[in-house]
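Q: So the protein lines, in turn, are chains A and B.
Just add 29 to the spot in the first sequence (first one is 1) and you have the numbering used here.
Just add 837 to the spot in the second sequence (first one is 1) and you have the numbering used here.
FYI, nobody ran anything at the bench for these hints, they're computed from the structure.
Honestly, I wouldn't trust all of these hints.
Said to hold, decoys possible - When the alpha-carbon atoms are kept at most 25 angstroms apart in a straight line, the in silico SDA-like pairs for lysine to any residue are as follows:
1. LYS108/A with THR1512/B
2. LYS844/B with SER97/A
3. LYS844/B with GLY137/A
4. LYS1294/B with ARG1383/B
5. LYS99/A with ARG1383/B
6. LYS1625/B with PHE1641/B
7. LYS844/B with GLU79/A
8. LYS99/A with VAL884/B
9. LYS844/B with ARG93/A
10. LYS871/B with ARG93/A
11. LYS1461/B with GLY1393/B
12. LYS108/A with ASP987/B
13. LYS108/A with LEU1695/B
14. LYS871/B with ARG66/A
15. LYS1149/B with ALA1112/B
16. LYS1637/B with ARG1704/B
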Amino acid sequence: MSTQEDKERLELLQGTLDLLILRTLIFGPHHGQGIARAIQQTSDEELLVEHGALYPALQRLEERGWISAKWGTSSNNRKARFYSLTAAGRKQLGKETNKWKRLAAAIGRILESEGG
Amino acid sequence: MFRRKRKAGDFSAEIEAHIRLEAERLREQGLSEKDARAAARRAFGNVTRAQEQFYESGRWLWWDYLWRDLRFALRLLRKSPGFSFVAVATLAVAIGANSVVFSALNAFLLRPLNVPQSESLYGLQFGGGHRGALSYPNYVDFRDRNRSFDGLAMYQMTRVGLDTGRNPTRAWLYEVSGNYFDVLKIQPYLGRLFHSSDEHGAGSAPYIVLSYAYWHGHFQDDAGVVGHRVEVNKRPYTIIGVAPPEFRGTFLLLSPDFFVPMVSFEDENDLNRRAGRWIFETIGHLKAGVTPAQAAADLSSIGDYLQKTYAKDNGKMNVSLSRAGLYGDTFGRPIRGFVAALMLLAALILLAACANLGSLFAARAADRSREIALRLALGSSRLRILRQLFTEALVISLTGGAIGILGGSLLLRRLMVWNPFPQFPTNVPLNPDASVYAVAALLAFVSGILFGAVPVKQVLHTDPYEIVKSGSVTKAGRRITFREVLVAVQIAICALLVTSSMVAVRGLMRSLHSNFGFEPDDVILADTDLTMAGYPDNAVPAMQKRMIETMQTIPGVTAVGLANCPPLAGCGASRADIFTDATSDLSPSNVAASPMMYQISPEFFAAAGAPLLAGRGFTWHDDKNAPRVAVINETFARKIFGSQTNALGRYYKSWNGTRIQVVGIVQDGKYTSLTEEPQAAMFLPILQSPSSQSFLIVRSESDPRQLAGAIRSSVLELDAGLPVFIQTWPESMDFFLFGSRMATASLGVLGALGAILSITGIFGIAAYSVSKRLRELGIRMALGAQWKEVLGAALGRAVKLLAFGSAAGLLLGILASRVLSSIVYQATSRDPLVLTGVVLAMALLGLVATWIPAQRALSIDPAILLREE
Chain A
30 MSTQEDKERL ELLQGTLDLL ILRTLIFGPH HGQGIARAIQ QTSDEELLVE
80 HGALYPALQR LEERGWISAK WGTSSNNRKA RFYSLTAAGR KQLGKETNKW
130 KRLAAAIGRI LESEGG
Chain B
838 MFRRKRKAGD FSAEIEAHIR LEAERLREQG LSEKDARAAA RRAFGNVTRA
888 QEQFYESGRW LWWDYLWRDL RFALRLLRKS PGFSFVAVAT LAVAIGANSV
938 VFSALNAFLL RPLNVPQSES LYGLQFGGGH RGALSYPNYV DFRDRNRSFD
988 GLAMYQMTRV GLDTGRNPTR AWLYEVSGNY FDVLKIQPYL GRLFHSSDEH
1038 GAGSAPYIVL SYAYWHGHFQ DDAGVVGHRV EVNKRPYTII GVAPPEFRGT
1088 FLLLSPDFFV PMVSFEDEND LNRRAGRWIF ETIGHLKAGV TPAQAAADLS
1138 SIGDYLQKTY AKDNGKMNVS LSRAGLYGDT FGRPIRGFVA ALMLLAALIL
1188 LAACANLGSL FAARAADRSR EIALRLALGS SRLRILRQLF TEALVISLTG
1238 GAIGILGGSL LLRRLMVWNP FPQFPTNVPL NPDASVYAVA ALLAFVSGIL
1288 FGAVPVKQVL HTDPYEIVKS GSVTKAGRRI TFREVLVAVQ IAICALLVTS
1338 SMVAVRGLMR SLHSNFGFEP DDVILADTDL TMAGYPDNAV PAMQKRMIET
1388 MQTIPGVTAV GLANCPPLAG CGASRADIFT DATSDLSPSN VAASPMMYQI
1438 SPEFFAAAGA PLLAGRGFTW HDDKNAPRVA VINETFARKI FGSQTNALGR
1488 YYKSWNGTRI QVVGIVQDGK YTSLTEEPQA AMFLPILQSP SSQSFLIVRS
1538 ESDPRQLAGA IRSSVLELDA GLPVFIQTWP ESMDFFLFGS RMATASLGVL
1588 GALGAILSIT GIFGIAAYSV SKRLRELGIR MALGAQWKEV LGAALGRAVK
1638 LLAFGSAAGL LLGILASRVL SSIVYQATSR DPLVLTGVVL AMALLGLVAT
1688 WIPAQRALSI DPAILLREE
């Protein structure tokens, strides 16, 4: 029983980072550092993403075909690997967003009822 | 598994780019170059960890491990070349044997005939399933009345003389029904094939379709032969086409040189005669949805009808079906049985090879128990270690398998070209196809897994703590293990095979120089058939006499005789019933004997080197006008007249009652096989009982092969259209030696396989015992043991196994040679040479097998060993 709970929590956390990455890429291609920056800035620095942890997630998303990558040059003329959302990724983002919103609302309701 | 192609370097470059971008951003915020870079790295976290994660998440790991295991395995195998060689050689032999046997199985059983939809092609068998013969009118009735086949075709094999205007040659043809090619769905390679619509009664459709091989070999692929006129047995035919290369007739054991319609070849009487059973086989495709049993019932009812309607000519015709290609069960059953037995044997060989290699592997794992224990202690998983062992096993098995397949297909190619009897062109496509390769690869893989699995238990039960602490502990085993029993059995079988093959070889050698009742050396047989050259019966004797006279003029020739079919020449000698002189009622129950019958010319005995014991031979005056005479052999004399002396001048009666006087007695000989008991034979003057089949027996002073050209050209000078086949007498006796040669060869091959297996078996046991007792042996040596004692301790068990197994095998071999003597002439094990040979061979085998372990036991340096452990 307890191991199952552990597993679910773990997936939830992983899923969160994946969701944030997909969401960030909706505005156009980004390289890894750009994604990390964007998440930090958009969350008003509330979320601190360890940059190194980003890459396994990117790797995973790429393997699943939700994002694609190719090398290009950044705005300040540096070589970087740019990630962009694929059609499948866009669909996945919709699903994940929906799921997350329902989850957040449900957790929110539980927490509120306990608080009240 | 193969999807991601991203390289680790690419990933590193991305991380590097990330840190550079982050550092730049921080510098823009006012940090110094150095601080910015440090901060960027800090924000990234652990770079190595990210890279490790990338590495492990990828499927690289799998390949990487495999590659590493592979390199490690190759390194280990290179380090012990003896082991590697033995293991690879054993598997190569076992898998090679399996792939050769499987090809035979494939050729005979899985894809019997190379024709479209061969799976629905069946042959008819009549009466209890053993004879395929029909007369032509009966065939026509079966063809037209049955409702089960998409057409029924038939064929009959005949040997003929073919004259293409240049060299008259003998050739094999299939006389076939007009619908033959259409029933078999064969398309011409060149020109056209004949059809039912070409047939208009006896003598019509004089068309020839050449086989591809004959066209290729005798007409040099000349497309212009279509429309060419040739003569078959002196009758005119037109070549109308060439059959495709993959079609080689419908009987696997004999592929024809060409095909003609039967109506064009047989005369009207034969085509109309309902009695007799002379058509070789009737075949056809079953209609869709008809089962063989239904078809057999349908045909049997036609058989009943024919029996009722033509009771005088037809016996009972019970029809059953069999797969086409091997002439029903007559050849099919023994061949299928033989091939199945071979396959079983080959599988057993492979299994024994796996068992032996397994024990070799266990020995190796025992050797490496310290290394394995260390690796376990350092945190390697047992799975990783097992994987390494399996990789090693698979490297060996796949290498062995590859070599085995290669050797096997080379052997098969040789077998395909090999034609033991030049007179009988066979038709067995043994060439390995994809399924043969697939089976061999599968076998290699499975055997790798099998023998790789033997040390698994050993590894799983390794206790690193115990072994690292005290070295490998051996409980000295006194009980006999299953492995040892297995090896002893293998040795016994090997000794049995070695004994039998030596017995067979000795018998064969003896039978080449035994007394045949005639002297085949220095004799050439020139086989001519005057019927093939179109001679009418009354012209035959004159021509035969002229041929003999011409041969006598060739320089170097010492004697020339002629016979319808000399003994042991493979031409189908005949017998005839005879009666005693006192018998007046010539009914079958009064037959006194059925001796072999030879129709011979004067001087036959001189040319054949058959010594006359009493009386005289024949002269040209023993003709139709002279009293009937005969020369008989010793057995005949004893059987009919009681003794030789009694027989001379006495009379007996021939099958038709003619009185025949015995004028000479000749030594007994071998007539139909080398292993036969003495049998009665009579020799009749060819002028009194004529035969158009004529073998010239030409004896010369020197190597007879030099005369072959002269003999051929003098025959052709007499008649340029006479086909002649020239062979030395010993060559034509090959036919009779074939059985014993094959038996000897297969025993030899099996003996060699057995020897290889025994070597690996003994090697495995010896190697295992040496590596298990290394420490003990070291201590013994340190305490002053001599090399003899060390060897005794190390190899005693293996040697005992060898001695015990060999003795058992030798005994069995002596018993088995009685069976062998029915195949190989004069095979006997009561032969000191055989006995010493076997003992020597087994000793040699033991020496080879224990050489490496013995070397190892003797090279133990107690100082190093004891310090290490």
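Q: Each hint should be assessed against the structure and marked as holding or not.
A: Taking the hints in turn, this is what the structure says about them:
| no. | hint | verdict |
| --- | --- | --- |
| 1 | LYS108/A with THR1512/B | 91 angstroms, violated |
| 2 | LYS844/B with SER97/A | 16 angstroms, holds |
| 3 | LYS844/B with GLY137/A | 44 angstroms, violated |
| 4 | LYS1294/B with ARG1383/B | 84 angstroms, violated |
| 5 | LYS99/A with ARG1383/B | 97 angstroms, violated |
| 6 | LYS1625/B with PHE1641/B | 21 angstroms, holds |
| 7 | LYS844/B with GLU79/A | 23 angstroms, holds |
| 8 | LYS99/A with VAL884/B | 21 angstroms, holds |
| 9 | LYS844/B with ARG93/A | 18 angstroms, holds |
| 10 | LYS871/B with ARG93/A | 38 angstroms, violated |
| 11 | LYS1461/B with GLY1393/B | 33 angstroms, violated |
| 12 | LYS108/A with ASP987/B | 75 angstroms, violated |
| 13 | LYS108/A with LEU1695/B | 66 angstroms, violated |
| 14 | LYS871/B with ARG66/A | 21 angstroms, holds |
| 15 | LYS1149/B with ALA1112/B | 8 angstroms, holds |
| 16 | LYS1637/B with ARG1704/B | 32 angstroms, violated |
The structure is inconsistent with the numbered hints 1, 3, 4, 5, 10, 11, 12, 13 and 16, although it conforms to all the rest.
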